[in-house]
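A.B. asks: First to last, the protein sequences are chains Y and G.
Numbered according to our numbering, the first sequence spans residues 1 to 155.
Numbered according to our numbering, the second sequence spans residues 1 to 780.
These are computed hints drawn from the structure, not numbers from a lab.
All residues carry an ideal CB built from backbone N, CA and C; glycine is no exception.
If a hint is listed, it holds; no wrong ones were tucked in.
Pairs of lysine-lysine residues, derived as BS3-like cross-links and limited to a Cα-Cα distance of at most 25 Å, are as follows:
(1) G:K438 x G:K644
(2) G:K428 x G:K440
(3) G:K644 x G:K703
(4) G:K120 x Y:K3
(5) G:K663 x Y:K150
(6) G:K406 x G:K314
(7) G:K649 x Y:K150
(8) G:K400 x G:K440
(9) G:K437 x G:K649
Stretch-level coverage of chain Y by chain G, calculated; a stretch enters the list once three of its residues show a Cβ under 8 Å from a Cβ in chain G:
(10) 44-58
(11) 100-108
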Amino acid sequence: MIKIVHMHVNGTDVELGVDEGESLTDTLRNRLGLTSVKKGCEAGECGACTILLDGKSVNSCIYLTVWADGHTILTVEGLQRNPGELHPVQQAFVDEAAVQCGFCTPGLIMTGVEIANSGETYTREELRELISGHLCRCTGYENILNALEKVVGKK
Amino acid sequence: MGIGQGVQKTDAVQKVMGTAKFVEDMIPQNALHAKVFHSTVANGLVKSIDCSEAWKIPGVKAIITCFDVPNVPYITAGHPLSFDPNHDDVRDRLILSRRVRFFGDEIAAVAAVDPLTALKAVEAIRVEYEEYEPVFTPEDAIHAAHPVNPAYPTNELARLDFSISDSTVTWGKAAFSTEQNIAGREDLQSDHFSVPAVHAAHIENNACYAYMEGERMVVVTCNQVPFTTRRNIASALGIPLGRVKVIKPFLGGGFGNKQDTLYEPIAALLSQKLGGAPVALVMTREETFTCSRTRHAMDFYTALELDENNKMKKRAVRINSNGGAYAAHAHAIAAYAVTNYFQTYSADVVQIGESSTMYTNLPSAAAMRGYGIPQLAFAIESQMDDLAKQRGIDPIAFRKINMMKKGFLDPFDHFVVESYGLEACMDKGAEAVNWEKKRKEYDAFNQSSPIIKKGIGMAIFSYKTGVYPLQVENGACRIILNEDGTAQIQVGATDLGQGSDTVFAQIVSEILTIPESKLSVISAQDTDVTPYDAGAYASRQTYVSGGAVKKAALILKDKILARTAEVKHCAAEPLMLENEQIVQHAGEPPIASIAEIAAFVQYCNDHVLQTEQLTAEATYTCMSNTFAFGACFADVEVDVPLGKVRVNKIVAVHDSGTIINPKLAAAQVHGGVAMGVGYALSEQLQYDKKTGRMLNDNFLDYKIPTSMDVPEMETYFVETYEPSGPFGNKALGEPPLIPQAPAIRNAVLHATGIAINKLPLTPQRLVEAFISAGLIRAED
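The shape of chain Y in the complex, shown without the other chains (with noise of 0.2 Å):
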């Protein structure tokens, strides 16, 4: 069954007809070419499909689609507040050496915008724990943590 959703998607207002069984990350990716959003086992087990719905990080992978109708979602496409310029986490992210593969980047840092968007400070500690939804094989996390540090206030 094709549902309509409206959701405010990266600063535009989007109106879809999606079918009721659709994960955000499909109608994300399929139908609004937002392929930052990543596919690594469509079970929100590794956090790569990461995206932020009303300034909150949610697995899109198990969120259906009809139920961000009304929502406001934010992907990395949506973070260069100006064509070129980094948001301060990607910026953090690209000077600390974060980024091997790529594949759980945009995830990891949506998750990061929504920590350094909270005003908190943290501990390193704290930030382990804060990004354990997240799985990364190929940085140790080490790197990843050390940009989250820059940006985040620190403890």
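Given the coordinates of chain Y, work out where chain G should sit on it, guided by the hints.
C.D. replies: Then chain G, alone, in the frame of chain Y:
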């Protein structure tokens, strides 16, 4: 910038912006989607397939079964072509299998308008099997009534046996055995070490799509070795190489698991059946676990006899490797391991190696970061600590007596160790963890602490760079200079995240003085236009492909200088490059800029000058090998009643020769440490003992380390200069993983006094060992 600088990764910005395109991001809108029917028995024969219900589902476009595929077995291993019959790969795969070899084997495939329709159709297919008794271990496999591959009646894929004396190897032929004595000798009684199958668990699942351009098959795939995959696809379909084009876009990690040809021939055959329509085949996470490749499970029987000075007299090893259902890399991995046993250390009197790889009815094992050496290092380095403990000698001192030294002549490949930082790595690590003080401090602490125990352990390794002389080691590079002094670099070597593209830009920058910001490395490989390279494996790319980049850059430099001499009417001889300019002597005012010369010789229309687009292309043949070295130190805490190991800190020290990019090199080590911690503590593929079905084919049940599981880490490099490397560099990609598991195991030994000889060190395994050793009493 150039060599030795922490240059920013060339693709970092694309990756943080989410614009880097991976295979699944590029699938055409109009593509059909394929799903595979997997066998539900581990050993058997497909008697019949009924697809009639599947065909009734609207949207199904094509169904192929094991009765429709070419009956010509092909190679899946990602190795370069070999003319040596001893090193040729085994042809034992058909696109779909009638003779089913593992639970999950590919029997049929459906292409439909979307993935869900394809899946529904797969579920409607009915298969009748003739079932045979499956075998899951090498011990069972040797006596199988129905061998996995009928061409190998004993299930033994291959073996490698030898003895070494005075650096001379004598090849022998032993029989499969799990006895404690090696080579039938009573004096070689062995210890037994065992490591399980584990998975690369890259976050991007294996994926590909295929379509036709006229008569030509195009396959876009996340594969580390596009040129070899092109050969394997052509061979599977029975079409000429020139009719196949393989494109490799950005890769979401591979670690060796994307070195083999997997579903590309299925997608290609479906596309062929559909007149060339695009067909996508993206593995689910569960399929990636079961149907790609695993790291080999291995059993080690190791015997070691010391003289009164703790010097090794006799040393022997037997390796039984579980190869799984298809040959893939056959015995290459166990052979790598058995030979390395006699490289890191050697004995004076007796050295005997035996090794066997067996077919079993489990998922196929093949390359994974370290290629057999992480398995071996667990056995070797565990045994070293057990013996040091027995003899009451410090584990570092014991290793130093017996380990490889500078000038070592490799008895197998006959090269001499020139760059050697092993001892310095150990010293640096010992200093960083405060080895002697901490060992004593923890000994004292453990005396009075029955519940929490602390330990510090270490392990070392040696690891070859590339695979010369077993296989050809070559690669090619093309550099195209633009009229504004910028350039494109094309390489067949593949970047899967490790940063080889960045390193290649640094090499060109070093030689041409053009900053990396003006150089574009074409990250995607397209076998139609990309120069050849064997691809990413064996930590070879900076060593071998880097040599090609250096060679091409030097040719281009010579061309630039020669054309400058011609245009500016001066001698080419003293000319040199400096800051993108051509100068006669260092520090002098420039004669011209690279950009001016490039523009002039390309566009000059004076009716005299022969114009030229300044480009260079070179193939580099590497005819050498060298060892990278390293030492790992692990500081752990063991909660005895819980059997829980907490790694507090890892210190990793590496000798990888010259470090081309310190930032990316350290990042490489971080990832290896994390993967090694997983190998040590939590990772293990589990199978139903009756059916062979994988039980933990997902990230919830297969535990790779999260950010909570990874310890604090310190990384150091002991820089040596390796004369055979293009800039003194040698292997770095795989080594960081190798010594972690034994270092952690040895730290647990130090903490508790208990030697665990089987990975991973799970709480269950530790508690059982602690109970039997009396550390935990039943009444507790």
